[in-house]
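Participant: The chain contents come next:
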Amino acid sequence: MDFRNRFDVINRESQFVNPGIPICFIIPEYINKKIIDKGSKKQKEQAWKNLILTEQLRGRRLVTGLMSSMFSVSNKLDRTIFDAENTENLPGTLVRREGEKPKGAKTVSEAYDYSGSTYNFYKDVFKRNSIDTRGMKLDSTVHYGEEYNNAFWNGTQMVYGDGDGEIFQRFTKSIDVIGHELTHGVTQYEAALEYEGQAGALNESFSDVFGSLVKQYALKQRADKADWLIGAGLFTNKIKGVALRSMKEPGSAYNDPTIGKDPQPGHMKNYVNTSSDNGGVHINSGIPNRAFYLIAIELGGYAWQKAGKIWYIALTERLRESSNFQKAANITYEVAGTVYGKTSHEQNAVKKAWDQVGIKIIAMK
Amino acid sequence: MRITVERSGGLAGIRISKEMDAKDLPSALIRTAKKIAEDKKVFLIIMKSPPRGAADHFTYKISIQDGTNLRVVECNQYNIDDDLKSLVKYIEKNSKYE
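Residue numbers (my numbering), protein chains in the order written: chain P, 598 to 962; chain L, 5 to 102.
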């Protein structure tokens, strides 16, 4: 959507601000927007702060997308890798810039190469220009913390631990994990799914889906040849498990005395109600993960071409912050109908897959 | 006094629970645990929101049982207090998995 249209959306919505909430804006919203568009750099920054405040107060999703409109657009891949030197200070020391030859530890090369693979996947398949559609720089920090058993997206960059050598190896080892983390950035700039409950599980699932597709695209693998695993090879050989998650068979990725059994359900009847992990965002993501896998297998060929396209349109154009599984099912069904035709094989595959994980499509029209 | 640290979330989403008796802690960390246990104002600290768009971060639930007195603190990697973080790290490193 052109950002000027987004402004129109905001202007229309602003008529519905609850009059009972005493919010006063000294500078009218449309003037802030005009300054962002035409003002000097300093004026733009101040106008932007004003606009963020108003948008935060109203809980809007559009503000992050608008943010990019005040910065220049780049059409080039621009990666920077930092080394936290086993501290938790971000971003750390710069170790490799875009275009520089490989240097430093293997984890530096992996973070550099696989973030490039992810950028190219989004560019080639969906014509997307980086995380924010405006060429956002891809910053990664490796060697984060001491024996750190995690990788995460902090809202502005990717961060990777080395693992403790007991349970986990370094987190840059797996291309789909890097695709997963970068996709959290894409989600942040698009549907902005809340990181809680079913919306959070969808947020996680989109990262798993596109993380897996990044790997499949890099390997030029057809759906039936892919492993549909997330984080294969991250566990040390002391752990009984093949990966963090299986999209094909949620709940089957590991079963180990130290870390327990993979708790993911693959069907709504086994949905896990929990307060931990932000309401089980990494647990219940197994349900939409399996739905995507089933569609991809049903449609055959390269999973990014049809199933991936449906999911991408849903993420970037239709889903909202608080969307739940039912909404995601309805929307992907509707998108499949729009793109491939009503009652097409593709639309029927979407319906069948959601049905197989316990979600009946409710037609919106 | 027993301290239980439950960590959830992270990319892997693996829930880990570790427990330790306060007598097995270094003296500085015993003081931290006692401070939390005795602070009448602290019962449950609800997690503040992580940065916008952030994902795959760790969340923590720290329970301190002192006789019949139970204190529970919930936080995440972005808002955990430095003293509490030292306590959590020590227990994570030096206690077996529950």
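These aren't lab readings, by the way, just hints derived from the structure by calculation.
Among the hints, erroneous ones may be present.
Stated by the list, open to error - Pulled a few chain L residues facing chain P out of the computed Cβ check, cut under 8 angstroms:
1) Ser12
2) Leu15
3) Lys38
4) Val76
Every residue, glycine too, gets a C-beta built ideally from N, C-alpha and C.
Participant: Against each hint, give a clear statement of whether it holds in the structure.
Facilitator: Checked hints:
{"no.": "1", "hint": "Ser12", "result": "holds (4 angstroms)"}
{"no.": "2", "hint": "Leu15", "result": "holds (5 angstroms)"}
{"no.": "3", "hint": "Lys38", "result": "violated (26 angstroms)"}
{"no.": "4", "hint": "Val76", "result": "violated (12 angstroms)"}
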